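Asks: This is what each chain is made of:
Protein chains: 2
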Amino acid sequence: MPKAGITPRAQDYSQWYLDIVREADLADYAEIVRGSIVFKPTGYAIWEAIQSGLDLRIKATGHVNAYFPLLIPKSLLLKEAEHVEGFAPEVAEVTRVSGVELAEPYVIRPTSETIIGYFYAKWIRSWRDLPLLINQWANVVRWEMRTRPFLRTTEFLWQEGHTVHATEEDAERETLLILHDVYGDFLENEMAIPVIKGLKTEKEKFAGALRTYALEAMMQDGRALQAGTSHNLGQNFAKAFDITFSDQNNTIQVAWTTSWGVSTRLIGALIMVHSDDEGLVLPPRIAPTQVVVVPIYKNEAEKVSVMATVARLTAEWKGRIRFKVDGRDNLSPGFKFNEWELKGIPIRVEIGPKDVAKETVAVARRDRPGREGKSFIPQAGLTEHLIELLADIQQSLFTKALKFREEHTFFATNLAELQAAVEQGFARCYWAGSKEDEQRIQTDFKATIRAIPFDQPPTPGPCVLTGQETTQQVIFARAY
Amino acid sequence: MPKAGITPRAQDYSQWYLDIVREADLADYAEIVRGSIVFKPTGYAIWEAIQSGLDLRIKATGHVNAYFPLLIPKSLLLKEAEHVEGFAPEVAEVTRVSGVELAEPYVIRPTSETIIGYFYAKWIRSWRDLPLLINQWANVVRWEMRTRPFLRTTEFLWQEGHTVHATEEDAERETLLILHDVYGDFLENEMAIPVIKGLKTEKEKFAGALRTYALEAMMQDGRALQAGTSHNLGQNFAKAFDITFSDQNNTIQVAWTTSWGVSTRLIGALIMVHSDDEGLVLPPRIAPTQVVVVPIYKNEAEKVSVMATVARLTAEWKGRIRFKVDGRDNLSPGFKFNEWELKGIPIRVEIGPKDVAKETVAVARRDRPGREGKSFIPQAGLTEHLIELLADIQQSLFTKALKFREEHTFFATNLAELQAAVEQGFARCYWAGSKEDEQRIQTDFKATIRAIPFDQPPTPGPCVLTGQETTQQVIFARAY
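Which chain is which? The protein sequence lines are A and B, in order. Last residue of the first sequence: number 480 in this note's numbering, and the count goes up by one each step with no gaps. Last residue of the second sequence: number 480 in this note's numbering, and the count goes up by one each step with no gaps.
In case anyone wonders, no lab produced these hints; they're calculated from the structure. Don't take each hint at face value.
Treat identical chains as interchangeable: a pair holds within one or across any two.
[As the list claims (entries may be wrong)] With a straight-line Cα cutoff of 20 angstroms, these simulated EDC-like cross-link-like pairs (lysine to aspartate or glutamate) come out:
{"id": "1", "residue 1": "K79", "residue 2": "E31"}
{"id": "2", "residue 1": "K403", "residue 2": "E436"}
{"id": "3", "residue 1": "K324", "residue 2": "D55"}
{"id": "4", "residue 1": "K400", "residue 2": "D25"}
{"id": "5", "residue 1": "K74", "residue 2": "D185"}
{"id": "6", "residue 1": "K74", "residue 2": "E101"}
{"id": "7", "residue 1": "K336", "residue 2": "D181"}
{"id": "8", "residue 1": "K122", "residue 2": "D25"}
{"id": "9", "residue 1": "K122", "residue 2": "D28"}
{"id": "10", "residue 1": "K59", "residue 2": "E48"}
{"id": "11", "residue 1": "K358", "residue 2": "E101"}
{"id": "12", "residue 1": "K336", "residue 2": "D129"}
Computed from a predicted structure; not experimentally measured.
So here's chain A without its partners, still in its complex pose (with noise of 0.2 angstroms):
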């Protein structure tokens, strides 16, 4: 049954999403800011929580943190000429401070390659400073057209690493290391999002790169959502801010650079993954609240007995549940559960004077509203069950997402096919076309290249527009 407040899927998914962000109470409009949005406490504790699951596999893959300049010199970003092209058109200029004009203007950051650029080359001299492997979390600006909660906006948080290498193999193992067990690991394992890794076409890669990675998700519309890249960047911004190294050899020679980043919008995927027409659904491995308790009483006796209970049955979950005891006085318990459902707490707990009777409490899982996912369990070895019971939602929202993809996922072996897959979900197809062609189905079909995925056919077959005979196959989707 859906919520008041919230539209359901099947109706206007555009707006089912703006409602689960408003609802959920994740973000408000800024729209004194254009196309800027406060990142409200309930959608940041995500955030925090996605960047400490992040920041943990970027350390333990050998990065550290730094943090460059929010401004950069014009005149820096104009250095390499794809990039400039990629770029300029959403940079926000400061050209006065307190009135007066400045001499040269800066941009606000809309991603560091340029101002990181210039400071890894003062900072290397030698193949002993190599590999440089650094990561920043910042914010960024970018002049968006069309923007919408956490998947677009013109201010965004995100983490933007720059690594520094001797050689072309150096920068591609650093380039897929990030992809799978930085990315992907999260991705898949935290936030219970099954991901496509592939490489990006000439005509969907970073500007600037030399190739450029990427992980796909499926949203319940059937829409890609690019949920992070990783770029090889060759010797392209070496070459135009000069970094190199004198080599084993005291030869100079120019260094290999990458860049990847996952963004705020991983907020936006992780909802329009899950949620349901009750509300937000949060995996409990990212859930900032995994389990809220909700004590019932009618009277000052019910609520001395009932507190007591949840006292002596929540001491034992520190350290190892996430939990929080709704003991607002002024509302009910429906108002409560509602609330909660909407805001996406993987389990509630209900314990009310018959609860503590029968030493039994009520248990609801968010991942399957209504009767269904609710039952009554024994108050001993509840601990125990919930952490089970936690495990079991975090697998239970993967396998539906990846079950989700995987049925609409169509192999398409010509263009009505591909049209028809790309209405539903993704079309999978041989793909031999070039730049124009991708440009000419994009126009024609609204979808464009998502990947060339890793796991691709054994035997060529015949491509979808051209029918000429390729072993490549593609992914085409709508995107985000």
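Since the structure of chain A is already known, use the hints to place chain B on it.
Replies: Leaving out everything else, chain B in the frame of chain A:
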């Protein structure tokens, strides 16, 4: 013995500071971005430690994090009159996007009272919405005239808390809670920096505040550094931004707000309180690395046996001591000792073939350079020994800093004594002067009232300037 690359403190304190920043590899000048720095990995790791310790305390006292826009419509900044006056000279303005003029310029936040006030006015309806307790970790930009790494930079990183309360008493309680339980506790117990807590004078308070409380620390040149501030904003911002609520009688009331912040200048304080002519000195609780192990060997056989001992000893440390094993083969032990001294690692453990044979290790504490701080310790019980030693170093650094402050604080009964005092440290004195008198002292002696400390005398005395009887004592000092 001072180190190569570091000017002794006694010779040139300012240069000593800059030398430490450079030699400990904490920051780089971003000369192409006016007054900005790059927080290099070693420096940024200290900020991460500060963030983590503060964030814990901010949350433990009931606050949640959120994130508000970087860009503030210029008109919004102009809404609170005193605030404008305080910040207008320093703001960077975004006037163009990709060459096209904006209808209304934005400023980059110099602080966020105005933009947050705008949203709070939207969000708060009833007394049930109060208190609203939000903190933000963010970057801010202030076009300061004279900049110095960490201490004053065009862009800096900070946290800014912004809270709303139903009554003046609640706002005052919040302001003091932050001062004592968040900032005071963190600075003294984690950073080993003794602080004087007190009220700012009208002249020195935050632009737009009713009252500003601050924590002031003494640097090794006797100057004061304001380590954190907590502002009771009264109803000034609430009136300017229309932050009102309906109370329990359904009457509309104007709310009371607070704001409070500490920034990356704490890294500057940390350097200037504890470091010496050998380099950086880090208190163990804040040190990203607490113990560095330097294995010593001359050949492969020695290396094998030394590294096996290192592996065995450090296996116990995981989760208890933050440590690093410096296994770099191309560098001599002496080079490594020097590097880790410069970088302020609290304890160095040396293990060579003789130590393996004798089942000992050499332990050197950074806070007592040279022979005095070095001892030979049995391998049995080493972990416990190191943990105790870390606690002892932490305590010693605090005690030493407190002793220094006490030795450099003088009671002044006349202007000559006041002047002599501020040339060496803090001047404590009775004060009944006006704002103009305060300004005159600043002009004549380059000293300002840092705080009206909480510990006030039981008996009155004559004002250092006017001779008028007063019960109020203040601290004058030259400040960073």
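Asks: So which of the earlier hints does this model not fit?
Replies: Result: hints 2, 4, 5, 7 and 11 break, sorted rising.
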